[in-house]
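2 protein chains.
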Amino acid sequence: MARPRTFDENTVLEAARDAFWKSGYAATSMDDLTAATGLGKGSLYAAFGGKRELFDRVFRDYCAAATAHTRAKLDGPDAGAYKRLRAYVLKLAADSAGPPAPRGCLLAKTGAELAGTDAAITDQTRSTYDALGAAIASCIAAAQRDGDIAASANPRDLSAMLLATLRGIEALGKGGVTVATLRRAARTALEALPRN
Amino acid sequence: MARPRTFDENTVLEAARDAFWKSGYAATSMDDLTAATGLGKGSLYAAFGGKRELFDRVFRDYCAAATAHTRAKLDGPDAGAYKRLRAYVLKLAADSAGPPAPRGCLLAKTGAELAGTDAAITDQTRSTYDALGAAIASCIAAAQRDGDIAASANPRDLSAMLLATLRGIEALGKGGVTVATLRRAARTALEALPRN
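Chains C and Y are the protein sequences, given in the same order.
Per numbering that gives the first Met the number 0, residue 0 is the first one in the first sequence, and the count goes up by one each step.
Per numbering that gives the first Met the number 0, residue 0 is the first one in the second sequence, and the count goes up by one each step.
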């Protein structure tokens, strides 16, 4: 009788995530997932359910991590809020360009592949974008209290624009647009924030 | 002996485009393409080459049409240039939201799936984004000559920001973000253009 296999769940989930990230949901087969994770199909089914359940788990974890990452960069005291926001925007622009070819964001990739046609995925992408927008709005409000952004501006207006610009910078970078143009877009969006 | 099949090339290319648009490149099989176009595999191979050649043709045509569409909306006399730009940005925001689920842009979908890992596709997406950015910059320069946008601003800076914001609005809409937020992002980006 075969011994029950033991495996580290996080290692398996990361390997599955990278397989989906590389090829997208539809193009990743259970065979690809067994090759990536080193687990047999039976073990994968037993531990995570089928391909869809495994993807849902990986994607939910990814969205939670992306939101936590953004909050960690933006949250903090009012003092320095504008500086944190500026650093976050410029770093995203620098990281979005190739070569080497940027892997881009799994949220963007999944959104382009599945959101709009799959209600559960669309719920997940929408709530993640809403959370990212709220983190940006909160940092803008802190920068307003700190005196770096004009108090008369509406943080939700500015955060909606910045969130769109950031998602677009990521998409353009994935599409091969040069880092010089991505930085130009980022700097101009930052300059659009009304200063005191 | 079977009679040679006759078909309308544009109709076949549109059907193939819609199949790729729905499912993405990797998830669309030759069987899907024969079902969508009504042509047998032999006819498809003879007329267009394999799946990749057919996709390249469809995608090249799509990028050319997207660029021509944008130019048609933005090009024109200096008088009214700002009005044309504003209408273009607000319409894109309105069109990017569901429900019904927006199909989104094949350029964005293909970029997310293939650009960055496929050099020929990346060249195509980059040159298309460059052409869209140039059309926007040209409209901004016209609005500057017409006195609606401050002459001191750099059209390339503003067009890089607007192009990113527009691509991001499209991505957020595909990801289920509400039309109210998309319009907010669009209006705020327009307000960020320095007026005289």
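A hint or two may mislead.
Claimed, not checked - Pairs of lysine to aspartate or glutamate residues, derived as EDC-like cross-links and limited to a Cα-Cα distance of at most 20 Å, are as follows: (1) C:Lys72 <-> C:Asp60; (2) C:Lys21 <-> Y:Asp117; (3) Y:Lys40 <-> Y:Asp55; (4) C:Lys40 <-> C:Asp7; (5) C:Lys40 <-> C:Asp77; (6) Y:Lys90 <-> C:Asp156; (7) C:Lys90 <-> Y:Asp156; (8) Y:Lys82 <-> Y:Asp147; (9) Y:Lys21 <-> Y:Asp60; (10) Y:Lys50 <-> Y:Asp156; (11) Y:Lys72 <-> Y:Asp94; (12) Y:Lys21 <-> C:Asp117.
Quick caveat, the hints were computed from the structure, so don't treat them as lab data.
These numbers were taken from a predicted model, which means no experiment stands behind them.
Right, here's what the structure says about each hint:
{"no.": "1", "hint": "C:Lys72 <-> C:Asp60", "result": "18 Å, holds"}
{"no.": "2", "hint": "C:Lys21 <-> Y:Asp117", "result": "12 Å, holds"}
{"no.": "3", "hint": "Y:Lys40 <-> Y:Asp55", "result": "17 Å, holds"}
{"no.": "4", "hint": "C:Lys40 <-> C:Asp7", "result": "16 Å, holds"}
{"no.": "5", "hint": "C:Lys40 <-> C:Asp77", "result": "51 Å, violated"}
{"no.": "6", "hint": "Y:Lys90 <-> C:Asp156", "result": "18 Å, holds"}
{"no.": "7", "hint": "C:Lys90 <-> Y:Asp156", "result": "18 Å, holds"}
{"no.": "8", "hint": "Y:Lys82 <-> Y:Asp147", "result": "9 Å, holds"}
{"no.": "9", "hint": "Y:Lys21 <-> Y:Asp60", "result": "17 Å, holds"}
{"no.": "10", "hint": "Y:Lys50 <-> Y:Asp156", "result": "39 Å, violated"}
{"no.": "11", "hint": "Y:Lys72 <-> Y:Asp94", "result": "15 Å, holds"}
{"no.": "12", "hint": "Y:Lys21 <-> C:Asp117", "result": "12 Å, holds"}
Going through the hint list in order, the structure does not satisfy hints 5 and 10.
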